[in-house]
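Student: Spelled out, the chains give:
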Amino acid sequence: MDLEQELYQALTRKDPPPGFADRVAAREHNRHGGLPTRWLAFAASVVLLMGAGAAWRQHQGEVAKDQVMTAMKITAVKLNRIQTHVREIRQ
Amino acid sequence: MKKLALLLAAAGLLAAQQFKLNLDHLATKASNAVDLSLAGPTLRLAARFLDTSDPDEAKVKKLLNGLEGIYIRHFTFKRDGEWTQSDAEGVRVQLKAPEWSRVVGYKSTEEGENADIYIRTQNDKISGVAILYTGAREFTVVNISGAIDLDSLADLSGHLGLPKLEQLPGKPIRKLD
Amino acid sequence: MTAIGQVEQTGFDFAELVRTHQSMVFSLIYHFLHDRETADEIAQDVFLALHRNLASIESAGHAVFWLRRVAVQRAIDETRRRRRRPVVALDAIREPAARDRGAADPLLAEVLRRLIATLPEAPRSVMILRYQEDLDPSEIARLLEIPVGTVKSHLQRSLALLREKLERRGIGEI
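Residue numbers (this note's numbering), protein chains in the order written: chain A, 1 to 91; chain B, 1001 to 1177; chain C, 2001 to 2174.
Okay, chain A solo, but in the shape it has when bound:
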């Protein structure tokens, strides 16, 4: 028996339970309160153009959030790399 060949067979990709794509679509739809994403982007830009204080704060908040998430992603990747290397050395 060729173990590697058996592993290729055993770990062949399998389909998820039927209706997977529909379940993803439903969750994505519900996450945005029922509105298609492109309409949300359009609505955000209209509100921004109107220049209301609350809308501007909303925009600033979203930008701040994106910046923080980017910062955390960079930090996380670097930490992961260092931790992995240190673990390797200790082994």
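Misleading hints may appear alongside valid ones.
What the hints assert, rightly or not - Label-pair distances were calculated between CB atoms; the ranges are:
no., chain 1, residue 1, chain 2, residue 2, range
1, B, T1121, C, L2107, 57 to 63 Å
2, B, T1052, A, P17, 47 to 53 Å
3, B, V1104, A, V63, 44 to 50 Å
4, A, N30, B, G1066, 32 to 38 Å
5, C, E2037, B, S1101, 20 to 26 Å
6, C, D2134, B, Q1085, 38 to 44 Å
7, B, S1152, C, L2161, 32 to 38 Å
8, C, L2048, B, T1084, 38 to 44 Å
Honestly, the hints are just simulated from the structure, not real lab data. The structure presented is a predicted model; accordingly, all values stated were derived computationally and were not measured. Where a beta carbon is used, it is the ideal one built from N, C-alpha and C, also for glycine.
Could you slot chains B and C onto chain A? The hints should help.
Tutor: Coordinates of chains B and C only, in the frame set by chain A:
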């Protein structure tokens, strides 16, 4: 007057927690550059917009609690040799201040990598974390100031989605070496 | 140069990405956890995360790389939440009958899947990426952000461990 003095003192302290970096010349050579200076008000604003029902955002929101600033300079390059040791020394010299101590690091000649994590302490409490990471085509400085929960920071490692990729994976080869 | 805050328009059809890659993502998580229901849920989470990050996806190849990476991460997260490894009851599985060389043995396949699911997280990830996705060690190293040497070590040790466990139970000759 007293309030103004306190504000100025706080601003001075915050400025002291930021590194004085002279890395703008790297930005002109980089294929991708990230320059983030996120002070307290920005972090507090961001925290209000993080969705706690999202596992990644909930982790980040927890981490933001107590932070005073996040400063990132991240450069990736298309070629080796775009940054120099003096660029790295310019960062390291600031981490030689007594309040900073290096806690872990490694150097891999094979992979052209050098990485160090530093901790800043004040009154026996952690008040900052810095990471200096250099690779053949990358130069990254991370400076996080404030009351950091190290466990939450370590837990963040490897758990967020990927940042923007600089290179795409090559074609798979079936056989092992 | 990348500016923070700019949203890039992509030509990606999200629904098409789901259809194209659902088996890959589901299988990565299923083979990791050996739990079909949980794998279904987590696979959905992975695609929802892709949707949120779609603006940062540069190409079809990037999307595949991203999905593989996040699927493995989320599977590891789930394992840590459960803080358990599946117990493999191999004595409940009877020895396979003699069969044609080269034909797939469903019992052996199931034994192998269960054994893979009992490996520690790092070698488990490596083995699944190698034998499900047919990635070479350098690609696995890049995906998991670990050294290539570590990947090869995990592969060699895991194969040796699997051989030993199978031989001890008299399952096939390897």
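Student: A separate judgement is required for each hint: does it hold in the structure or not?
Tutor: Tested hints:
no., hint, verdict
1, B/T1121 / C/L2107: 57 to 63 Å, "holds, 58 Å"
2, B/T1052 / A/P17: 47 to 53 Å, "violated, 29 Å"
3, B/V1104 / A/V63: 44 to 50 Å, "violated, 33 Å"
4, A/N30 / B/G1066: 32 to 38 Å, "holds, 33 Å"
5, C/E2037 / B/S1101: 20 to 26 Å, "violated, 48 Å"
6, C/D2134 / B/Q1085: 38 to 44 Å, "holds, 41 Å"
7, B/S1152 / C/L2161: 32 to 38 Å, "holds, 34 Å"
8, C/L2048 / B/T1084: 38 to 44 Å, "holds, 43 Å"
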